[in-house]
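Protein chains: 2
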Amino acid sequence: MTENPLYTKHAETLARALTAIAERDYWSHYPESPSPKVYGEHAATEGKAAFEAYLGKPFPLDQPGDRVATEQSPFGIPLEIKYPHTDPETLITAATAALPGWRDAGPDARAGVCLEILDRLHQHVFELANAVHATSGQAFVMAFQAGGPHALDRGLEAVAYAYAEQTRHPATAVWSKPGKGAPLRMAKTFHVVPRGVALVVCCNTFPTWNSYPGLFASLATGNPVIVKPHPGAVLPLAVTVRYAREVLAEAGFDPNLVQLAAEATNEGLASTLATRPEVKIIDFTGSTAYGDWLEANARQAVVYTEKAGVNTVIVDSTDDFDGMCRNLAFSLSLYSGQMCTTPQNILVPAGGIDTDQGRKSFDEVATGIGEAVHKLAVVDPAKGVEIIGAIANQANQQRIDQARAAGEVVLDSIELTHPTYPAAVVRSPLLLKQRGDAEQVYGEEWFGPISFLVATDSTEASLAVFQRVVGARGALTAAVYSTDEQVLAEAERAAVAVGVNLSCNLTGGVFVNQSAAFSDFHATGANPAANAALTDGAYVANRFRVVQSRRHLAAE
Amino acid sequence: MTENPLYTKHAETLARALTAIAERDYWSHYPESPSPKVYGEHAATEGKAAFEAYLGKPFPLDQPGDRVATEQSPFGIPLEIKYPHTDPETLITAATAALPGWRDAGPDARAGVCLEILDRLHQHVFELANAVHATSGQAFVMAFQAGGPHALDRGLEAVAYAYAEQTRHPATAVWSKPGKGAPLRMAKTFHVVPRGVALVVCCNTFPTWNSYPGLFASLATGNPVIVKPHPGAVLPLAVTVRYAREVLAEAGFDPNLVQLAAEATNEGLASTLATRPEVKIIDFTGSTAYGDWLEANARQAVVYTEKAGVNTVIVDSTDDFDGMCRNLAFSLSLYSGQMCTTPQNILVPAGGIDTDQGRKSFDEVATGIGEAVHKLAVVDPAKGVEIIGAIANQANQQRIDQARAAGEVVLDSIELTHPTYPAAVVRSPLLLKQRGDAEQVYGEEWFGPISFLVATDSTEASLAVFQRVVGARGALTAAVYSTDEQVLAEAERAAVAVGVNLSCNLTGGVFVNQSAAFSDFHATGANPAANAALTDGAYVANRFRVVQSRRHLAAE
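Residue numbers (the UniProt record's numbering), protein chains in the order written: chain A, 1 to 556; chain B, 1 to 556.
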């Protein structure tokens with residue numbers, strides 16, 4: 001078999017990615033700065049124009065069906081893009097038919113094609129960024145970074161793990177067993193066989209970042225992928241599917257290896273597809289309720305879910321009070337707390353904490369964080385909206401109003417006017433104080449820009465609350481602030497016990513809600529917030545199976 | 001941290017095993033010949049004496065509880081061994097308490113301890129072989145090989161995969177992100193964290209071979225293991241648990257990391273344990289019905305099942321008719337067809353096949369195989385019983401009588417007298433002819449020494465039957481006989497499509513029902529007969545999770 005030209009083209013990148021996942025130090029393939037110095041003078045303008053060319057029109061995708069338009073931009077950008085509404089039977093039939101050729105192409109060719117798709121998407125990264133911005137409500141720079149280069153890096157990371165896993169065994173081996181006479185010799189062939197049709201159920205808030213790992217892990221391991229976007233954020237996935245199909249067709253493969261499953265409002269298409277016998281892998285990001293439903297009902301499939309949790313910060317002491325407040329304020333404000341990784345509960349001893357500015361009472365800590373949020377998000381709305389973006393959907397908006405009664409207000413959430421998009425729904429973060437014994441309130445998830453400063457009896461009590469709440473509800477992130485190595489060690493033990501990733505004393509340019517591809521694992525799969533991590537061996541190993549054949553060889 | 005002395009002791013063996021699983025050519029660590037030349041002059045006698053010392057007594061295991069004795073030897077050997085009957089609450093509590101120390105010991109120490117356990121068991125391999133022989137009904141040499149060295153090799157293979165998976169990421173990394181000023185630097189720690197308590201539900205027929213991979217995969221990845229033996233084959237696992245606890249205690253670990261969960265008759269202990277919230281991993285070998293029950297009900301756990309299937313042989317043509325008949329006869333006779341890998345359906349074109357002895361009619365093929373079985377198993381019962389062993393339980397015995405009406409008898413099953421054990425239940429294999437359109441009969445599993453020679457319209461029709469039956473019911477093995485490379489290629493395509501391992505033209509000393517550790521995968525996880533393979537990356541990767549922490553480092 002001759003080497004696939006796309007494998008040859010991308011072999012060096014793949015090799016570098018394989019090194020990165022084994023070392024997990026810093027590496028990134030796609031530059032995260034949208035600067036013209038990096039992407040060229042015209043890239044931003046051309047990308048925006050490409051995005052605008054989609055508005056109000058049928059989306060250019062060669063899939064059958066009538067058309068649906070379901071998106072409402074949180075910024076009020078008129079979208080009205082009409083996507084093909086392909087029926088489930090057609091999607092499944094087309095995916096099934098595409099499987100054998102892709103399976104037989106082998107891991108090298110598949111890795112090459114996947115890397116070419118990622119590169120093609122990268123060529124259209126501003127178009128993608130505008131799509132994520134308009135549909136998710138993320139401010140533009142964040143939409144560019146998280147929705148573009150960071151998502152592409154996560155996709156590449158998944159391809160690297162998938163490749164490593166598929167090639168950890170040889171394609172053929174000679175087995176030669178010594179015996180009394182001539183050795184018994186057999187030739188063995190090991191086929192990498194995909195599970196079947198893969199389904200990716202995407203979310204509203206991070207349409208590409210949360211879906212690329214599953215999409216590329218399944219595709220790289222030989223499974224045709226049906227991409228079911230959230231009805232509120234179809235465009236980023238439609239763009240993704242468009243260019244994926246383009247690359248697949250150019251490379252001589254069936255474009256139906258990647259299909260878009262756009263749905264009408266309240267159609268429930270995810271459930272229809274997820275329970276089809278042909279669907280053998282599901283990746284889902286979204287609510288705990290629906291993730292649990294998938295795990296319980298899509299029993300024919302391997303199901304990877306990232307659900308909700310109660311992210312927690314333990315504040316014990318700090319040698320940089322201002323840095324701590326600024327860092328937490330940014331984490332609470334970024335994308336209006338609509339990240340699955342945003343801290344919700346900040347546990348502070350009721351008796352206050354030691355800081356570089358002397359002893360700070362509980363209320364002073366609360367005020368310090370509240371003022372930092374106010375400064376970042378509210379004082380200058382034109383700058384603030386570039387951090388907090390817009391509220392992605394009505395449910396999140398309503399939850400803010402409902403939350404106001406759930407504690408004592410430290411910093412109220414107010415409506416802000418977006419200087420560029422007058423119709424945008426913009427709300428500043430809400431900070432509440434709560435007593436430590438009100439666990440029935442703060443022990444639940446309050447998704448959106450809603451956080452609790454919880455007054456605990458002590459750091460020891462904070463650690464107990466942390467273990468109890470995260471053990472029961474899960475979490476995607478945790479953080480601790482302490483100048484005491486023993487407290488840091490205890491927090492780390494507690495984090496290991498409840499299976500959540502921990503950030504210690506973040507006061508600078510790294511934030512608890514951000515994870516770096518190729519180095520940080522996103523989620524652990526060890527607590528109720530997610531049953532898998534992005535990305536590790538377990539995330540890819542069960543997306544394919546090995547089927548072997550053996551036959552005798554003549555004695556040597 | 002200083003290197004664990006058991007890791008140091010076994011590092012070379014571990015390294016060799018890691019090479020073997022990556023190359024999958026021939027390797028074995030534990031010699032499979034029970035010869036005194038290999039094991040020493042007294043090993044067999046001493047092992048038998050050690051086995052006999054257990055009979056009729058309380059088994060020496062320091063676990064609390066009253067005592068149960070449930071075993072009936074298929075050979076009629078009086079067992080009456082009384083095992084501790086520890087209640088589920090005590091087992092779970094003890095396992096949970098043992099977890100943290102084992103988790104914190106890390107992958108190196110755990111691998112060292114696991115290899116020491118395997119070596120300790122190997123020192124007692126004749127004791128183990130007698131236990132397997134007496135409880136399963138396997139003839140002694142087979143009980144020695146499959147229950148001893150081959151099981152130990154499979155255990156070592158699992159430890160190697162577990163070690164590779166846990167160490168594919170570094171324990172620590174420095175992340176240094178270049179920027180405008182000094183790079184952002186963080187120290188990252190990656191903790192390998194076990195899932196929780198692991199349960200191994202063992203079978204009657206291969207008490208050690210089928211349980212060691214799961215037992216050692218879970219233990220090596222940090223999970224305390226509760227071993228629930230089949231009530232009919234407790235001793236091999238009691239011996240295993242005894243020496244495992246001995247090694248654990250010597251190495252300074254909690255012996256409750258490995259516990260025996262012996263049960264009273266009809267207690268249903270597996271279900272009680274399997275649905276406990278603390279149990280996070282289950283390995284099961286046995287019936288499809290109970291495997292399906294576990295998958296549906298033990299939803300808090302990752303469940304690995306090896307269930308039943310309809311193993312199939314496609315006979316198209318052969319250049320060694322006698323060799324084919326002999327080889328198949330051995331596979332049908334070995335341990336009275338009570339292997340999950342024994343062929344059940346032999347698909348032969350009704351119009352006959354081409355052979356090195358000219359054209360053979362369907363009936364001549366049936367007769368050829370039948371005569372070969374007769375010669376092997378019946379003609380000289382003293383030799384025959386060393387292949388067919390005894391019938392493991394009453395259900396298998398009854399099924400033979402029931403099966404007699406399920407087709408036209410080619411070779412009847414008769415009762416044989418065991419020269420050593422007059423009370424043994426010994427039955428020769430039953431061969432039946434069936435029409436190709438009687439799929440409702442041969443399309444179901446008939447466990448035990450029951451096989452069908454199915455007359456199909458053609459090899460093409462055989463391939464269709466194969467795909468349909470294995471697709472619906474699963475299979476652990478498949479074989480094809482053909483002199484036509486195109487037919488072999490088609491059979492391989494069909495095997496890949498339904499996800500079953502295929503053996504081609506076995507006429508010598510390799511049999512379709514045997515798989516070699518470190519080279520052959522047992523089961524694929526790609527058809528209904530099993531949801532996992534022994535052993536690959538997917539089998540170990542989800543038995544632990546990685547939990548990370550990160551903190552700032554000063555700029556360099």
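By construction, these hints were calculated from the structure, which means they are not laboratory data. Check before you lean on any hint, since a few could be wrong.
Derived lysine-lysine pairs resembling DSS-like cross-links, with alpha carbons at most 30 angstroms apart [stated by the list, open to error]:
(1) Lys177/B - Lys177/A
(2) Lys375/A - Lys177/B
(3) Lys375/B - Lys180/A
(4) Lys82/A - Lys177/A
Have a look at the derived ranges for each label pair, beta carbon to beta carbon [said to hold, decoys possible]:
(5) Ala11/A - Thr172/B: 28 to 36 angstroms
(6) Val174/B - Thr288/A: 32 to 40 angstroms
(7) Ala489/B - Gly179/A: 27 to 35 angstroms
(8) Asp104/B - Ser287/A: 47 to 55 angstroms
(9) Ser176/B - Glu439/A: 33 to 41 angstroms
(10) Pro58/B - Ala464/A: 24 to 32 angstroms
(11) Thr275/A - Pro277/B: 23 to 31 angstroms
(12) Gln394/A - Asn266/B: 24 to 32 angstroms
(13) Thr275/A - Gln486/B: 37 to 45 angstroms
(14) Gln357/A - Ala97/B: 40 to 48 angstroms
(15) Gln394/A - Ala22/B: 51 to 59 angstroms
(16) Ala464/A - Gly268/B: 46 to 54 angstroms
(17) Ala464/A - Gly76/B: 56 to 64 angstroms
Keep in mind it's a predicted model, so treat the numbers as computed, not measured. Every residue gets a Cβ at the ideal spot worked out from N, C-alpha and C, and that includes glycine.
Against the structure, the hints come out as follows:
1. Lys177/B - Lys177/A: With a Cα-Cα distance of about 51 angstroms, the restraint between lysine 177/B and lysine 177/A is violated, given a limit of 30 angstroms.
2. Lys375/A - Lys177/B: holds, 27 angstroms
3. Lys375/B - Lys180/A: holds, 25 angstroms
4. Lys82/A - Lys177/A: violated, 63 angstroms
5. Ala11/A - Thr172/B: 28 to 36 angstroms: Since alanine 11/A and threonine 172/B have Cβ atoms about 29 angstroms apart, the given range 28 to 36 angstroms holds.
6. Val174/B - Thr288/A: 32 to 40 angstroms: holds, 35 angstroms
7. Ala489/B - Gly179/A: 27 to 35 angstroms: For glycine 179/A against alanine 489/B, whose Cβ atoms are near 30 angstroms apart, the range 27 to 35 angstroms holds.
8. Asp104/B - Ser287/A: 47 to 55 angstroms: Given about 35 angstroms between the Cβ atoms, the range is violated.
9. Ser176/B - Glu439/A: 33 to 41 angstroms: holds, 40 angstroms
10. Pro58/B - Ala464/A: 24 to 32 angstroms: Roughly 43 angstroms apart at Cβ, these two residues miss the hinted range, so it is violated.
11. Thr275/A - Pro277/B: 23 to 31 angstroms: Hint holds: Cβ distance 26 angstroms, inside 23 to 31 angstroms.
12. Gln394/A - Asn266/B: 24 to 32 angstroms: violated, 56 angstroms
13. Thr275/A - Gln486/B: 37 to 45 angstroms: With a Cβ separation near 39 angstroms, threonine 275/A and glutamine 486/B satisfy 37 to 45 angstroms, so the hint holds.
14. Gln357/A - Ala97/B: 40 to 48 angstroms: The hint (40 to 48 angstroms, Cβ to Cβ) holds, given that glutamine 357/A and alanine 97/B are roughly 44 angstroms apart.
15. Gln394/A - Ala22/B: 51 to 59 angstroms: holds, 53 angstroms
16. Ala464/A - Gly268/B: 46 to 54 angstroms: violated, 37 angstroms
17. Ala464/A - Gly76/B: 56 to 64 angstroms: For glycine 76/B against alanine 464/A, whose Cβ atoms are near 59 angstroms apart, the range 56 to 64 angstroms holds.
Of the numbered hints given earlier, the model fails hints 1, 4, 8, 10, 12, 16; all others are met.
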